[in-house]
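Take the sequence shown: its position 73, counted from the start at 1, is 73 in our numbering, and no numbers get skipped.
Simulated from the structure, these hints should not be mistaken for laboratory data. Misleading hints may appear alongside valid ones.
Taking lysine to aspartate or glutamate and the EDC-like style, the derived pairs with C-alpha atoms no more than 16 Å apart in a straight line are [as the list claims (entries may be wrong)]:
id: 1; residue 1: K196; residue 2: E184
id: 2; residue 1: K141; residue 2: E194
id: 3; residue 1: K183; residue 2: E194
id: 4; residue 1: K99; residue 2: D30
Owing to the predicted nature of the structure, the values given are computational and were not obtained by experimental measurement.
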Amino acid sequence: MNIVLASILGYLFGSIPFALVIGKVFYKTDIRQHGSGNLGGTNAGRTLGAKAGVSVILFDVLKGVIAMLIVSFFSKEAIIYAGFFTTLGHCFPVFANFKGGKAVSTAFGFLIGISIFLTQNYVFDFIIPLGIFFVLLFLSKMVSFSSMIALACATVLLYVTQSNIQVSIAFTIITLIVIYRHKENISRILNKTERKITWM
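Throw the hints in and build the complete structure from the sequences for me.
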């Protein structure tokens, strides 16, 4: 029962489309009609500006962390389900016709939750992948490329640094979903037409 409750809670938290909420409430704009149409921080930033983009990223990260925190009060075993389903909820949100974002920020939130509530290995499970993301972003100027590689590295580190195979498998699935949802970005990267950031 705890696993079911954690999964439902995580999915509902993940389904909150902060990019859509912030766009409509503060900017009177539906970002699904602009840019890539994606309900994520990158499109929010490009469509609405840096403040909106950062806000969406922050809230999308916190979705997973908060869901996992709530579940930690009643079931340590179910924490992983809360984070996993938060990320799925972000991809397929019930509150936005099941058309969500690519889940990079929420996946990083899941990773933070894993390091805080399950492994307590902050350096290898979160800080190093985050560092890899920013180094690659500085070198490539591509958010998509940096995100996918950083999450893939996080997956490998989870297998190496901790013994809970359930955690590693759950994050592997999330990483594969994130990569799949970037299939168009991957095509543009290979064709050298992927959009690059200009602020770094």
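Results of checking the hints against the structure:
Only pairs whose Cα atoms come within 16 Å are accepted, and K196 paired with E184 is accepted, the gap being roughly 15 Å. A threshold of 16 Å between alpha carbons decides the hint, and for K141 with E194 the separation of about 10 Å falls inside it, so the pair holds. With a C-alpha separation of about 12 Å, the suggested pair K183 and E194 falls inside the 16 Å cut-off, and the hint holds. Taken as a hint, the K99 and D30 pair is honoured in the structure, with Cα atoms around 13 Å apart against an allowance of 16 Å.
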